[in-house]
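Student: Residues per chain are reported as follows:
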Amino acid sequence: MKENRNDDIFRQIAGQYTEKFGEALLEENEQLTRVCADAEMAGEDAAAEEMIRNLDHKVYSGVTKRRRGMVQMIVAAAACLVFVMVIPFAGRFIQKDFYDTGNHMEESTAKSEELPDAMGDAAEALPPAAMPIAFQLPENLTVKQVKEDNGMTIYQLSDCYQDDVVLQMEEDRGELPDQSLTAIELDGSIVYGTSQDRYQKICFSSSGVTYTLTCRYDINTLTSLCKNILNGL
Amino acid sequence: MILILTFSSQSEKDKFEQIYNKYKRLMLYKAYGILKDSMLAEDAVSEAFIRIYKNLEKIEDTEAKQTVAFVMTIVRNTAINLLNKQKKNVMLDFDAQQEDSFDLEQHVLGKITAEQVTILVERLGDEMRDVFILKYAYDLPHKEIAGLLSITENHVTVRLHRARKRMAKLLVEGGYIDERE
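Protein sequence lines, in the order shown, are assigned to chains W and F. Per this note's numbering, the very first residue in the first sequence carries number 1; after that it's consecutive. Per this note's numbering, the very first residue in the second sequence carries number 1; after that it's consecutive.
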């Protein structure tokens, strides 16, 4: 019931906004059309006209009257023809590929134990004094950039859910956590964090290293990474 | 790159052409305003037309305010997505404000002008605003919003949740909420 009532207010607001926004846009569109028409007649604004021509070429030249259904039929028929012709020969290659893949996987697994996969190209670019990542990153995070700054290693982690993380690592100096942070229990360990509008932070020390993690939107983006660090995964 | 667009009927093709011819300049203008680059603006508008093409059935009147608002919401999103791709560094916003949960159930919306509504919605920020409008003005399901904005459904859910919380907070802070008698 509460959610429905809130939604009614939100619909009211969104509807009013769209009405006002649309009205302003229609006026702006009319003005722009008049201005462009005048400029075109006067031979001005060649750059804008070039953009229009480029857009026409990209979008409009591909507009056809063909029925979607007919195109799909043709594509399907062509696919069937290819399928019928290729299948007799495919079986010969499948078995060979399977064994090749198996050998390759064994080699890859051995290599992957040397460094976490998520380091990717950034592993080659690790500054000399930087602390390496010795734990598994959650599958949504990959290293985008790493730098070393006065004893602190800073990793910028790209998130596939667009909540990128900054991970700072430095030697544990035994300093007390910031008083403004709240103690949180995480998998049996105590970490310190805060969750605010567009700012999430967790920090803690483990195995002689102080970790500070920040992201913008969701504290859960940080907690899964914290668990991996704490559990030595 | 040239887009190849096919239509199942002449009326559908006519609708697309009307939208294209009527709004292409404004879309380019808006995209250029965000991207400051003509080639990127063309790419953003091309991408927007792909998404419009895929959602053509949702558009009834090509000259309605809701239609132009819908079209501009999409092109604004494609332009901002392109802009974000150009940026190399992660920018964390340290504008830390404590967020209170607020229950609107016990309150009613007082008189609020159209200008005030515009300010409120714009204050949601680009990401939350777009999902908020597509959800509540156009009543689109999460899956379709995800397709239009080129994000995951999970993302839509998260952003919508944040948008609701933020809007509730803005309504309270702005004094737009009246207590029920």
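The hints are simulated quantities; they were obtained by calculation from the structure and are not laboratory data. Any given hint could be a false lead.
Claimed, not checked - Derived SDA-like pairs (lysine to any residue); straight-line CA-CA distance at most 20 Å:
(1) F:Lys165 - F:Glu153
(2) F:Lys85 - F:Lys15
(3) F:Lys169 - W:Gln196
(4) W:Lys58 - F:Tyr29
(5) F:Lys143 - W:Asn29
(6) F:Lys54 - F:Gln10
(7) F:Lys13 - W:His57
(8) F:Lys87 - W:Thr142
(9) F:Lys58 - F:Leu40
(10) F:Lys15 - W:Asn29
(11) F:Lys15 - F:Ile59
(12) W:Lys20 - F:Ala114
(13) F:Lys165 - W:Gln196
(14) F:Lys87 - F:Glu115
(15) F:Lys165 - F:Thr118
(16) W:Lys20 - F:Glu115
Student: Is F:Lys15 within 20 Å of F:Ile59, Cα to Cα?
Tutor: holds, 9 Å
Student: Hint check: F:Lys54 vs F:Gln10, CA-CA at most 20 Å. Holds or violated?
Tutor: holds, 16 Å
Student: Given the hint that W:Lys20 pairs with F:Glu115, test it: the Cα-Cα distance must not exceed 20 Å.
Tutor: holds, 8 Å
Student: Please verify whether F:Lys15 and W:Asn29 have alpha carbons no more than 20 Å apart.
Tutor: holds, 18 Å
Student: Below or equal to 20 Å on CA atoms is what counts here, so check W:Lys58 against F:Tyr29.
Tutor: holds, 17 Å
Student: Hinted pair, alpha-carbon criterion (20 Å max): F:Lys165, F:Glu153. Please report holds or violated.
Tutor: holds, 19 Å
Student: Just to be careful, I want the Cα atoms of F:Lys13 and W:His57 compared with a cutoff of 20 Å; is the pair within it?
Tutor: Within the cut-off at roughly 17 Å; holds.
Student: Is F:Lys85 within 20 Å of F:Lys15, Cα to Cα?
Tutor: violated, 31 Å
Student: Tell me if the straight-line CA distance from F:Lys58 to F:Leu40 falls inside 20 Å.
Tutor: violated, 27 Å
Student: Below or equal to 20 Å on CA atoms is what counts here, so check F:Lys165 against W:Gln196.
Tutor: Status holds; Cα separation ~12 Å.
Student: Decide if the proposed pair is consistent with the structure: F:Lys165 and F:Thr118, CA atoms, cutoff 20 Å inclusive.
Tutor: The given pair, whose Cα atoms are some 17 Å apart, holds under the 20 Å limit.
Student: Below or equal to 20 Å on CA atoms is what counts here, so check F:Lys87 against W:Thr142.
Tutor: holds, 17 Å
Checked against the numbered hints above, the structure violates hints 2, 5, 9, 14; every other hint is satisfied.
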